[in-house]
Amino acid sequence: MKNALRYIALGLLGLTAQAHAQVTEYRLDNGLKVIVKEDHRAPVVVSQLWYKIGSSYEYTGITGISHVLEHMMFKGTKDVPAGEFSRIVAANGGQENAFTGRDYTTYFETLSADRLEIALKLEADRMANLVLDPTEVKKETEVVKEERRLRTEDKPTGLLYEQFNAVAWRASPYQNPVIGWMNDLDNLKLADLAAWYRRWYSPGNATLVIAGDVQPEQVKALADKYFGPIPQVDLAPQKPFVEPPQVGITRVVVDVPAKQPYVMMGYKTPMVGSADQPWEPYALTVLAAILDGGASARLSKELVRDQGIAASAGAGYDAYSRLPGMFVLDGTPTADHDLGQIESALRQQIKRLQDEPVDPAELQRVIAQAVAQKVYEKDSLFYQAMQIGLLETVGLDWRLSEQELDRIKAVTPEQIQAVARKYLVDDNLTVAELKPKADTRPEDNKDA
Amino acid sequence: MRKSLIVWLGLLVWLPTATLAAPKIESWQTPNGAKVLFVPAPGLPMVDVRVVFDAGSARDGDKPGLATFANAVLSEGAGDWNADQLAEALESHGIQMGNGAERDMAWVSLRSLTDPAALTVAVNVMANVLARPHMAAADIDRIRGQMLVALKQSAQDPGTIARKRFWATLYGDHPYGHDPDGTEDALRLIDGPQLLAFHQRYYVANNAVVAIVGDLDRAKAEALAKDVTAKLPAGEHAPALPVPGRFAQTDASQRFPSSQTHVLIGQLGMARHDPDYFPLYVGNHVLGGSGLVSMLGEEVRNKRGLSYSVYSYFAPMRQVGPFVMGAQTRNDQADEAIGVMRDTLKAFIANGPGPDELKAAKQNLTGGFPLQIDSNKEIVQYIAMMGFYDLPLDWLDKLVSRIDAVTADQVKDAFARRVHPDDLLVVKVGNGAAERD
Numbered sequence: 056m057k058n059a060l061r062y063i064a065l066g067l068l069g070l071t072a073q074a075h076a077q078v079t080e081y082r083l084d085n086g087l088k089v090i091v092k093e094d095h096r097a098p099v100v101v102s103q104l105w106y107k108i109g110s111s112y113e114y115t116g117i118t119g120i121s122h123v124l125e126h127m128m129f130k131g132t133k134d135v136p137a138g139e140f141s142r143i144v145a146a147n148g149g150q151e152n153a154f155t156g157r158d159y160t161t162y163f164e165t166l167s168a169d170r171l172e173i174a175l176k177l178e179a180d181r182m183a184n185l186v187l188d189p190t191e192v193k194k195e196t197e198v199v200k201e202e203r204r205l206r207t208e209d210k211p212t213g214l215l216y217e218q219f220n221a222v223a224w225r226a227s228p229y230q231n232p233v234i235g236w237m238n239d240l241d242n243l244k245l246a247d248l249a250a251w252y253r254r255w256y257s258p259g260n261a262t263l264v265i266a267g268d269v270q271p272e273q274v275k276a277l278a279d280k281y282f283g284p285i286p287q288v289d290l291a292p293q294k295p296f297v298e299p300p301q302v303g304i305t306r307v308v309v310d311v312p313a314k315q316p317y318v319m320m321g322y323k324t325p326m327v328g329s330a331d332q333p334w335e336p337y338a339l340t341v342l343a344a345i346l347d348g349g350a351s352a353r354l355s356k357e358l359v360r361d362q363g364i365a366a367s368a369g370a371g372y373d374a375y376s377r378l379p380g381m382f383v384l385d386g387t388p389t390a391d392h393d394l395g396q397i398e399s400a401l402r403q404q405i406k407r408l409q410d411e412p413v414d415p416a417e418l419q420r421v422i423a424q425a426v427a428q429k430v431y432e433k434d435s436l437f438y439q440a441m442q443i444g445l446l447e448t449v450g451l452d453w454r455l456s457e458q459e460l461d462r463i464k465a466v467t468p469e470q471i472q473a474v475a476r477k478y479l480v481d482d483n484l485t486v487a488e489l490k491p492k493a494d495t496r497p498e499d500n501k502d503a
Numbered sequence: 017m018r019k020s021l022i023v024w025l026g027l028l029v030w031l032p033t034a035t036l037a038a039p040k041i042e043s044w045q046t047p048n049g050a051k052v053l054f055v056p057a058p059g060l061p062m063v064d065v066r067v068v069f070d071a072g073s074a075r076d077g078d079k080p081g082l083a084t085f086a087n088a089v090l091s092e093g094a095g096d097w098n099a100d101q102l103a104e105a106l107e108s109h110g111i112q113m114g115n116g117a118e119r120d121m122a123w124v125s126l127r128s129l130t131d132p133a134a135l136t137v138a139v140n141v142m143a144n145v146l147a148r149p150h151m152a153a154a155d156i157d158r159i160r161g162q163m164l165v166a167l168k169q170s171a172q173d174p175g176t177i178a179r180k181r182f183w184a185t186l187y188g189d190h191p192y193g194h195d196p197d198g199t200e201d202a203l204r205l206i207d208g209p210q211l212l213a214f215h216q217r218y219y220v221a222n223n224a225v226v227a228i229v230g231d232l233d234r235a236k237a238e239a240l241a242k243d244v245t246a247k248l249p250a251g252e253h254a255p256a257l258p259v260p261g262r263f264a265q266t267d268a269s270q271r272f273p274s275s276q277t278h279v280l281i282g283q284l285g286m287a288r289h290d291p292d293y294f295p296l297y298v299g300n301h302v303l304g305g306s307g308l309v310s311m312l313g314e315e316v317r318n319k320r321g322l323s324y325s326v327y328s329y330f331a332p333m334r335q336v337g338p339f340v341m342g343a344q345t346r347n348d349q350a351d352e353a354i355g356v357m358r359d360t361l362k363a364f365i366a367n368g369p370g371p372d373e374l375k376a377a378k379q380n381l382t383g384g385f386p387l388q389i390d391s392n393k394e395i396v397q398y399i400a401m402m403g404f405y406d407l408p409l410d411w412l413d414k415l416v417s418r419i420d421a422v423t424a425d426q427v428k429d430a431f432a433r434r435v436h437p438d439d440l441l442v443v444k445v446g447n448g449a450a451e452r453d
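Chains as they are written, first to last, in the numbering used here: chain A, 56 to 503; chain B, 17 to 453.
Because the hints were derived from the structure by calculation, they are not lab data.
One or more of the hints may lead you astray.
Said to hold, decoys possible - Calculated cross-link-like contacts (lysine-lysine; reagent style PhoX-like; alpha-carbon spacing at most 20 Å):
1) B:Lys319 - A:Lys193
2) B:Lys168 - A:Lys210
3) B:Lys40 - B:Lys236
4) B:Lys375 - B:Lys428
5) B:Lys40 - A:Lys210
6) A:Lys193 - A:Lys244
7) B:Lys242 - B:Lys51
8) B:Lys393 - A:Lys429
9) B:Lys168 - A:Lys314
10) A:Lys492 - B:Lys168
11) B:Lys236 - B:Lys180
12) B:Lys375 - A:Lys314
13) B:Lys362 - A:Lys194
14) A:Lys490 - B:Lys168
15) B:Lys51 - B:Lys236
What the hints assert, rightly or not - Sample of chain A residues at the chain B side, in silico, Cβ under 8 Å:
16) Ala276
17) Ala366
18) Gly369
Every residue gets a Cβ at the ideal spot worked out from N, C-alpha and C, and that includes glycine.
One chain only, chain A, in its complex shape (with noise of 0.2 Å):
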């Protein structure tokens, strides 16, 4: 494999005078996009490697499939057994692990900067050479399934995300679970593990995210040594996807053995790269804020501390996603308010974001913390590679997140109550609704 590569230096990107946000992208021949943000405040190195796929490329049959491969991850090449990939790392004084979202499948690894070449070695081995083998599988499901019934089946609230997902989206992959549901898993075969790594794991499928104290030519000599030699492959391209317009409120009710009632609201929301108007995403993250922004925002002001009528209460809007996702509102009620009562505020607040402009006051403190959080987040080597990871593998640019300050300072109030009336409707809008029931059989049945 040649090693001419397309390098690109670009340069100083910083909001301050941080000379620590120097960050270089180039592409190897195989289509491997790496990107290398330095940052020399601790002699550490994060690598991310992050590929395009996750729950939102499945369907049914097969969900959960690309966790279960993340998990398979772990279980050995032709050069490196299973728990030995864990283990090397380890003994490096390494972490590693991996996370399986709707849009991405992510490994990382955190070291000691000199020890970066461990990561790209190992993790451009199992890129290429994962060996399935069949013991390995069954056991792997079995542990993915207690992970299931750990994270979704036996947690209430877990559950009632799960439902809130499926009734909502009619067509979108976004109505499936990441963990997949449990009767797929059940039936997952390896060969379908062995097709689905074939599919989506290659160069040109990937990013490669190294953030730290590392200077790009060393990554970039690192990289083309170890994933250089991977062949590339054709990935075939996806097809256009349009979730099919709702009509009236979509309404689901989790009837669980709980203790504490709680309540979803979802609207339909575009995202930055698919809306009408390219300011409506920074619209509704700055909405989201005017909700959720703090102790200061007026969800804990008015629901929680005026009203008396929320525990808790919440917003948020993911204004970068593969598909359309939504503008999520949750509550807890105090114990003298229902759930039909905190919906019912809930609805209000939007009424009234659709009704009346924003507070200065309250839109300047949004900004405040949105200039401090840009400081803050420097802090955490990690957040700042994920960021970078997170937009590329969803198909946009990762220049974004330096743009993001000021896409949000430029948001006006006319703005908000613009994209409140638009797109915070009915028609968008499915609530999930966690009713608790008693356990009501009797003592010495429990046991069945």
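For this one, chain A is given, so just place chain B on it according to the hints.
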């Protein structure tokens, strides 16, 4: 196969680990007696402050939840600000404030830009939150309601139920026995004068440690520490806690309508100042402290697929904290998992760590040391802990050599003396568990 593995290891494991200077910790006392630990961190125009008090739930007395309650109400109005004004004052400058309480410690933390406009507000608010909370009736009732809701949420979570039962059974009437979240009965009865009395007794300078990490010089850090604690009375340090006795029962299981059974197995472990601290700490890293690489990870998860998470730890506290092994598994596999965990522990105690295992654990701990302290956020928590438990200022400098010095015999000897695999407390919570009340 095996040959190529050896080639790999030879290439990949470079020894010795790179040496890293531990952060330079400066320490002094404020005029009214609070201990200060400071690490200058130039580079980012920000500062983290964490003020820790010996005011955790071990100080609850006969009112479980009192310490958490008193801590939670601090930021709901203080000095010249009610709860709304206080939040606005902080957030209009992008200042973040947090608080919480565990068994030993209660804390208030702050993160601010070093820009004087922000930092002046941050210090002023924090000084008042620590020393001049309003504890108004409406705010107290709101926090009480939130804490009661939190109790209900805990009651629907088998993992939390198991944890509470484990501590309650292990410690009985000892101040570590009840959960920091308290009980419904106690929370309903706690009133303003009780909260105020708790605050006046424990939120005092002689019972406080101030940890500061950020882009400040020593003079500015001294001024900051002095200003943050200026309104605190000198007061007195909290008294010593009693030594916990042996637990009264060995099974505290409970049925719960869940698909998994949560398993906790353990006994009393060690205190923060324990002569066996390093052998037990390093040994536990081999046993169950290093995730999938550990013996428990290998036996329970890798070999048998029984549990997603499996671990063991010693929680070193002011007094003797617990030693715990934990896992969660399908109800019908709970006893199998317990058997494997117990057998793994027994084998570890009988044989001690193998030379390769011990070496790998030490390499992970010492080589991973830079990762523990690579951000201001981690350093401020670490030095606050050091100040709270009166660890010497050279603790971090000597950490690597102390870990390296631990031998297999020391680990084996310490575990044999301190851990008793045939006399462990077992808590199962799930639908396979038989009730033991």
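* Violating hint indices (sorted, rising) -> Violated hints (numbers, rising): 5, 11, 12, 13, 16, 18; every other hint is consistent with the structure.
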